[in-house]
Amino acid sequence: MKFLLVALLTAQIYGALCTSAPLAEQRGLMEIWDILSPAVMPVAVGIDNALATVSNIHNTVSNAITGAVHGVTSWIGGLLPPLGKRDLEVNVRVDLLAELKSFQHGLQQLVMEFAQTVLNGKIVAQFRSLIAKFSVFLRTHLNAINTMITNLIPTVQDVVGTQAISSCLNAVQAIEEAIKKIQALFSL
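Take the sequence shown: its letters are residues -18 to -1, 1 to 170, numbered as in mature numbering (1 follows the signal peptide of the UniProt record, and there is no 0).
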């Protein structure tokens, strides 16, 4: 697949830059492209759509998670007592922050893996595997974040806490939308 795309790209560049070549030779390259393009173009469009979707998911979810991390960090604020005197509520907030940061780091790694696969030319062979891995990753963290938020909602007593929970719920909504978009990729 990679060889075919490189060959087609080279042929297009050669045809565009080679004005001194005889017209018959240029027509020959166009005939080759006319034969190959019906088979290659749907694959290229599918790959392009998948990359755009993953990029969109990454941007949306990253922004939502960054907001949630900021909100929870503000909520924890100066509440951290000495290590031996932490209460359960503070521990749950810290655990939520750790989960959000873990999710953020894992998402970056997964997107990098996806990009490496595309750059290595293995996207067609590993597409379903990567998309399934992406979906499982999102669902796993979504469940953990949802559970933590559910446990923290009864403890919210101030504006900062409400904002933190709201930002986390926004992140949950972004993750749920990302899962739907990934499921749509399976139908390609």
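Read the hints as simulated data drawn from the structure, not as lab findings. Among the clues, some could well be false.
Taking lysine-lysine pairs in the DSBU-like style, the calculated list, with each CA pair at most 35 Å apart, reads [stated by the list, open to error]:
| id | residue 1 | residue 2 |
| --- | --- | --- |
| 1 | K83 | K115 |
| 2 | K163 | K115 |
| 3 | K115 | K162 |
| 4 | K83 | K163 |
| 5 | K162 | K83 |
Computed from a prediction, not measured in an experiment: that's the story for all the values here.
Against the structure, the hints come out as follows:
no.: 1; hint: K83 / K115; in the structure: holds (19 Å)
no.: 2; hint: K163 / K115; in the structure: holds (14 Å)
no.: 3; hint: K115 / K162; in the structure: holds (14 Å)
no.: 4; hint: K83 / K163; in the structure: holds (23 Å)
no.: 5; hint: K162 / K83; in the structure: holds (23 Å)
In summary, this structure violates none of the numbered hints.
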